[in-house]
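Asker: I would like the entire structure built from these sequences, with the hints used as guidance.
2 protein chains.
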Amino acid sequence: MKEQLVLGIDLGGTYTKIGVVTKDGSIIATRKFKTGAKAPFPDFLKNLERELSGLKDTLDSSHELIAIGIGAPNANANSGNMEQAPNFRWGDAVPIVSEVEKILRLPVAIANDANASALGEQQFGMGKGMDNFVVITLGTGLGSGIISHGKLLTGAHGMAGELGHVNVDPSPNARQCNCGLKGCLETYVSVTGMRRTIFELIAEMRDDSPLRSISFEEMTGEIISDCALNGDPIALKAFEKTAETLGVQLADTAAHLDPEAFILLGGLSKAGDILLKPTIASMERNLFNAYTGKIRVLISDTPGDNAVLGPAALGWQRITDG
Amino acid sequence: MKEQLVLGIDLGGTYTKIGVVTKDGSIIATRKFKTGAKAPFPDFLKNLERELSGLKDTLDSSHELIAIGIGAPNANANSGNMEQAPNFRWGDAVPIVSEVEKILRLPVAIANDANASALGEQQFGMGKGMDNFVVITLGTGLGSGIISHGKLLTGAHGMAGELGHVNVDPSPNARQCNCGLKGCLETYVSVTGMRRTIFELIAEMRDDSPLRSISFEEMTGEIISDCALNGDPIALKAFEKTAETLGVQLADTAAHLDPEAFILLGGLSKAGDILLKPTIASMERNLFNAYTGKIRVLISDTPGDNAVLGPAALGWQRITDG
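Respectively, the protein sequence lines represent chains A and B. Just so we're aligned: 122 in numbering that gives the first Met the number 0 is position 123 of the first sequence, and the numbers increase by one with no gaps anywhere. Just so we're aligned: 117 in numbering that gives the first Met the number 0 is position 118 of the second sequence, and the numbers increase by one with no gaps anywhere.
The calculated PhoX-like cross-link candidates involving lysine-lysine, where the alpha carbons are at most 25 Å apart (straight line), are:
no., chain 1, residue 1, chain 2, residue 2
1, A, LYS181, B, LYS293
2, B, LYS276, A, LYS181
3, A, LYS240, B, LYS181
4, A, LYS150, B, LYS293
If you want the ones that stay clear, here's a sample from chain B, every Cβ over 12 Å from chain A, calculated:
no., residue
5, ASP56
6, ARG104
7, LEU105
Simulated from the structure, these hints should not be mistaken for laboratory data. Every residue gets a Cβ at the ideal spot worked out from N, C-alpha and C, and that includes glycine.
Answerer: Below is the structure:
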């Protein structure tokens, strides 16, 4: 009997990663190419088709591809489209699912990238055995995916779990968000949010810091995390403030969902305990008493290279759900 | 064949209401007695047993009671206990389900009162045909119940949906909540919250108002709603501020759950459009663009006298789920 495999596609703003994944989460082949978010959508499809064809050639007759899962920004699980993705010039509603079905003639499922990550953690990662948890991805923005009663929570319109855009600062001088709102969580808790915090702190504090010689555009999550791990006072203070805000929000999200755990992923989570400990402390201080001491906050052990696992989990689920 | 019936018990801080309810939500018999939240728990059980026995006597041989549903403050759906209910002196973990099972030897299910209301709206009310909605009860406090993918969302510890205790004001001078936290939604959006707002406005504004001759303790939700309906400027301003805060939170909750609708219940919802219109306006202003124009806000048409319907729906679900 042939070994059944699923194709996971992690469609990112910069790179698209493709992986062939087994039922137990082994990645047996991968490809990576530039997404071309500013180029026309048909160009992307052409590149995708070429890479998919190359990847299929590496499989032998003992393998059988049975489904495709796609994680993409602003993907709508119900419509199969990417909708109004701010960093893409592919149109307002991009029919990813139907176009990928044309290329490979296999069942295709799509989800918001962070929602796919939540499924990946459930099937292959730290969410194994948990029926209620929330994944928070701390990258350029803040994404989230909710597993509730064992299932991905997608909501009435396929767009549940946009925690990056809950309000954490109702004051008039709250930070402006790309989405048009003010005071959104991701303007504070994300790589971009931390850069903003660090620039405020550079203006406010007098401590020496290597961060003073880096421009706003050049300041990556890795640089910030490395500075904090080296004891830089500005980076440490920035993590403290970020963790405080994140903890308050985790408490609010707990009051909605009563999860078993929050699982943090992405660039900022590399800082480990520097992020984790003050986040847990802030969450516990702000939790409604029904939840105190009951909710874990974890950092994912899934390497960023394995970004195709979430989409692959979605593919496997597509088969199970029929 | 006998007609199957369910018993709904609405266990409130002041009164306990019992009703015998048909599959389609007709209430065929009711009882009401003082809960005695400050008296010992065994006293309550004695009263409950007496009333249940009286109610059973009104049924004839064509009826068959098959299950019991209970809605109660701070009820934990998993443990079957009321846990740390602030206005009750019955102990930290009150085993309601097991004690009621002893009295009637029928399957018993319990849920937080607002969670039970959500099931009631789903089975008998405005939530019919909706798989994703959130009920918000605006009484002395603020309760909530979440229906997600057709099911009551109970979470990992049976305590999901405590929206009264999400933070809406992170500033140092936020209002203190009974729960020990500061800035909780229910300190602004509830009858108690509106009283606090009105007392601030009485201090701030110069307008004549009948509210100036009513003490804090005497100011009920009905009085506030009536004043607003009569055009009282202080009551109207209080509703405007309350609706603004509620709308911001509904937007945040939408970013978690992507519901089809919010359904408002309880004392304050009696104000109708005075509450509803500015709530919708505030929610829309604060919604992430993926949701704008898609989420309805409704006022329940279930009369308060029908508080047993939610618990009864829970009883019916208990039978269906086995």
